[in-house]
Amino acid sequence: MPPPNSQASGSNRKAQLGLFTGYVLAGLGALIGALLLIISLWRPETFYGLRSMASDITAPAGDVGSVGRVETRNFFESIAGYYDAGSKNAELERELAVARVRLAEARALEQENARLKAVLNLNNGEMKPVAMSRLIGSSSSSARRFAYISVGSDNGVEVGMPVTSPKGLIGRVLEVGSGTSRVLLLTDSESMVPVRRATDNVVAFAEGRADGTLRLRLINLGINPLEEGDIFVTSGAGGLFRPGVAVAMVTQLENDGAIARLLSNPAATDVVVIEPVWQSEVLEAADTALSEDVTVE
171 MPPPNSQASG SNRKAQLGLF TGYVLAGLGA LIGALLLIIS LWRPETFYGL
221 RSMASDITAP AGDVGSVGRV ETRNFFESIA GYYDAGSKNA ELERELAVAR
271 VRLAEARALE QENARLKAVL NLNNGEMKPV AMSRLIGSSS SSARRFAYIS
321 VGSDNGVEVG MPVTSPKGLI GRVLEVGSGT SRVLLLTDSE SMVPVRRATD
371 NVVAFAEGRA DGTLRLRLIN LGINPLEEGD IFVTSGAGGL FRPGVAVAMV
421 TQLENDGAIA RLLSNPAATD VVVIEPVWQS EVLEAADTAL SEDVTVE
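Under our numbering, the first residue of the sequence shown carries the number 171, and numbering increases by one thereafter.
Incorrect hints may have been included.
To be verified - Pair ranges (Cβ atoms, derived):
1. T369 x E263: 47 to 53 Å
2. G307 x E360: 17 to 23 Å
3. E263 x A380: 45 to 51 Å
4. S348 x P395: 43 to 49 Å
5. S323 x N390: 36 to 42 Å
6. V441 x E263: 37 to 43 Å
7. I389 x S348: 36 to 42 Å
8. P395 x D440: 35 to 41 Å
Hints listed in this document are in silico derivations from the structure and should not be mistaken for laboratory results.
Even glycine gets a Cβ: it sits at the ideal position worked out from N, Cα and C.
From just these sequences and the hints, can you work out the full model?
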């Protein structure tokens, strides 16, 4: 029979010794734990210092963890806020687009009201208008400048009557039908209107140039007193147009007058007022005298 292995016996003793030591340490730890528990219940202030020390030691790690939690929360909140802001921005852009449309409509309505008020102000003047109408057509390619209105003799319109808009004089009635009339515009080459500068008595004739502008020819020649921006109105001379109706604004000076821009552009005008001849009795008397002179001759 072989002898027992001494190496195996030594290993068993070491295992037994380690097991015994573990039991002893476990019992000692339980005893110390029970003792500390009794002390903490009997005198809680005994461990305040230890707890404070432990808190101080673990504070940096807690700060790092807290910062990490805050950063993580802020990151996800930022993402959520980004998408939320994007949806809100899209909604605000839609509301802004609608608001712009509403604003444009309000401005258009305001302009329409101002235009109608201006027309009403013309009606409330000293001279009672003969009729109101819309420009229904105009010559565009011809060298002559005519317009057509939707009123005629059935509405009391007669040849020679001035045609005005809220911005000033447009022309005079040239031909009359029963329901329509043709208007000779101020810019026609055959049109000539006596005018004066609105700020004084510098008088001139406004002649049409067939290109949308007027030529102002001064009656009193000499040093040209005109300046760019001067406003000219009807002078009332001749008795056809009542005085003080806006006509044109000076845009370019010449030796004997100036080139002027029409204030009441027919292309931008829809509602017009047909006024009676300002001094019809004067014109009738002049026509009668002219006829008598012709008869005598």
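S323 versus N390 beta-carbon gap, inside 36 to 42 Å or not: holds, 40 Å
Status of the given 35 to 41 Å range, CB of D440 versus CB of P395: holds, 36 Å
Satisfaction of the hinted span 17 to 23 Å by the C-beta atoms belonging to G307 and E360: The hint (17 to 23 Å, Cβ to Cβ) holds, given that G307 and E360 are roughly 19 Å apart.
Cβ distance range 36 to 42 Å for I389 and S348, holds or violated: With Cβ atoms ~40 Å apart, the hint holds.
Cβ separation of V441 and E263, checked against the hinted range 37 to 43 Å: holds, 38 Å
Distance restraint evaluation - T369, E263, Cβ atoms, bounds 47 to 53 Å: holds, 50 Å
C-beta pair E263, A380: status relative to the range 45 to 51 Å that was hinted: Check passed, 50 Å falls within 45 to 51 Å.
Distance restraint evaluation - S348, P395, Cβ atoms, bounds 43 to 49 Å: Distance hint for S348, P395 holds at roughly 47 Å.
Hint violations for this structure: none, all hints satisfied.
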